[in-house]
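So the protein sequences, as listed, match chains A and B.
Just so we're aligned, residue 0 is where the first sequence starts under numbering that gives the first Met the number 0, counting upward by one.
Just so we're aligned, residue 0 is where the second sequence starts under numbering that gives the first Met the number 0, counting upward by one.
Everything labelled a hint here was simulated from the structure, so no lab data went into it.
All values derive from a computational prediction rather than experimental measurement.
Just to be clear, a hint being listed does not mean it is correct.
Listed below are several chain A residues computed to face chain B (Cβ distance under 10 angstroms; list not exhaustive) [said to hold, decoys possible]:
1. 10
2. 12
3. 27
4. 56
5. 83
6. 86
7. 98
8. 100
9. 101
We put the beta carbon where it would ideally sit given N, CA and C, even for glycine.
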Amino acid sequence: MAEQTTAVAETRPLNILIVDDSATMRTMIRRVIDLTELPIGTVYEAVNGLEALHILETCSVHAVFTDINMPVMSGYELLTEIARREAWKDILRIVISTDGSRLRQEEVRELNVNLYIRKPFRPEVVRNVLSRIASTHNR
Amino acid sequence: MSYQESPAPITADAVDALFVAVVEVCENSFFAFVESCEPDRFAALVERLVPMVDQSAETSPAPKRRGRRTGRAAESGRPDPPRLSEWVNASLTFTGSPFSGTMEVILPVRLARQLVASLLGLSQEVELHQVELLEHQVFDGIGEFANMICGAWLTDLSGSQAFNLEPPQVGRMPFDWSPLVDPSLEGEQGYRLCVDDLPWRIRVRPSND
Numbered sequence: 000m001a002e003q004t005t006a007v008a009e010t011r012p013l014n015i016l017i018v019d020d021s022a023t024m025r026t027m028i029r030r031v032i033d034l035t036e037l038p039i040g041t042v043y044e045a046v047n048g049l050e051a052l053h054i055l056e057t058c059s060v061h062a063v064f065t066d067i068n069m070p071v072m073s074g075y076e077l078l079t080e081i082a083r084r085e086a087w088k089d090i091l092r093i094v095i096s097t098d099g100s101r102l103r104q105e106e107v108r109e110l111n112v113n114l115y116i117r118k119p120f121r122p123e124v125v126r127n128v129l130s131r132i133a134s135t136h137n138r
Numbered sequence: 000m001s002y003q004e005s006p007a008p009i010t011a012d013a014v015d016a017l018f019v020a021v022v023e024v025c026e027n028s029f030f031a032f033v034e035s036c037e038p039d040r041f042a043a044l045v046e047r048l049v050p051m052v053d054q055s056a057e058t059s060p061a062p063k064r065r066g067r068r069t070g071r072a073a074e075s076g077r078p079d080p081p082r083l084s085e086w087v088n089a090s091l092t093f094t095g096s097p098f099s100g101t102m103e104v105i106l107p108v109r110l111a112r113q114l115v116a117s118l119l120g121l122s123q124e125v126e127l128h129q130v131e132l133l134e135h136q137v138f139d140g141i142g143e144f145a146n147m148i149c150g151a152w153l154t155d156l157s158g159s160q161a162f163n164l165e166p167p168q169v170g171r172m173p174f175d176w177s178p179l180v181d182p183s184l185e186g187e188q189g190y191r192l193c194v195d196d197l198p199w200r201i202r203v204r205p206s207n208d
């Protein structure tokens with residue numbers, strides 16, 4: 000029984016939220032996620048920060064992949080809101096952005112962003128990040 | 000060196016850096032080998048484009064018609080979808096360091112579809128007509144293509160300073176448009192390029208915004 004409990008704990012599925020105003024990028028990231036053999040639970044999608052907040056308020060999300068530059072509510076505003084809420088302190092935060100300037104990276108680092116992926120990126124970069132966060136998630 | 004309130008002109012070094020950004024984006028995310036084209040070769044590829052894609056289109060199943068259309072296609076009343084030899088453009092404005100302006104990519108629909116399919120890992124399915132990319136999907140993907148190039152370019156140029164990118168605007172060029180007969184392209188800063196012998200252009204213009 001103890002072994003079974005351990006086994007379940009080791010494969011706790013990771014629920015992921017992808018936030019990007021480009022449907023193409025969301026599809027691309029989702030395809031990379033689908034191709035991993037990691038224990039992935041539900042993958043949610045949002046087209047901007049505001050939609051992402053609604054999902055975070057109603058669903059259990061363990062990791063957020065977010066773009067920065069989006070209409071309605073930017074990724075920066077979304078990350079600020081996530082950092083503000085105690086209930087979301089354990090959510091892993093990964094930025095995927097075309098803006099790789101040091102200033103932007105420093106800005107979001109202050110919002111407890113775990114990783115910053117600069118576009119363009121190869122699919123294996125996202126795959127490697129997923130492996131890392133899955134291992135963190137199940138620690 | 001003093002801080003400048005007004006945007007600086009786009010330097011030759013910056014235009015060189017644009018090509019580096021194009022290669023980075025094409026190779027890393029779109030799995031495409033991009034070449035710079037001399038004017039003569041570019042013209043030959045453009046002239047070859049129409050018969051090549053018309054022949055290809057004859058072997059394709061008839062695409063499904065869609066409902067409401069937006070943008071230039073709807074305004075022109077042209078049938079949907081665009082012919083593969085038609086051209087689309089994606090432009091975006093940028094502000095901040097080291098200068099402000101507009102970047103535009105112009106490419107044939109056939110190449111746009113090919114690039115987006117490659118990004119999505121659907122090249123084979125699209126080639127075999129098992130998957131049809133809809134126009135809005137191609138437009139969204141090409142907008143992201145332009146966005147990535149501009150972001151990579153400005154990241155390289157701006158160092159520690161921030162910049163802002165507006166969302167890309169994507170649309171069809173006029174039905175009979177050709178890069179060989181558009182005088183606005185002459186004298187622009189940018190490149191004539193090709194991917195798999197399909198021609199495309201990228202240009203940048205500084206602005207006073």
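Hint by hint, here is what the structure shows:
1. 10: Interface hint status for residue 10 of chain A: violated (26 angstroms vs cutoff 10 angstroms).
2. 12: violated, 23 angstroms
3. 27: holds, 6 angstroms
4. 56: Because about 26 angstroms separates residue 56 of chain A from the closest Cβ in chain B, which is outside the 10 angstroms limit, the hint is violated.
5. 83: With a minimum Cβ separation of about 22 angstroms from chain B (threshold 10 angstroms), the hint on residue 83 of chain A is violated.
6. 86: violated, 31 angstroms
7. 98: holds, 6 angstroms
8. 100: holds, 5 angstroms
9. 101: holds, 4 angstroms
Hint check: violations occur at hints 1, 2, 4, 5 and 6; the rest are consistent with the structure.
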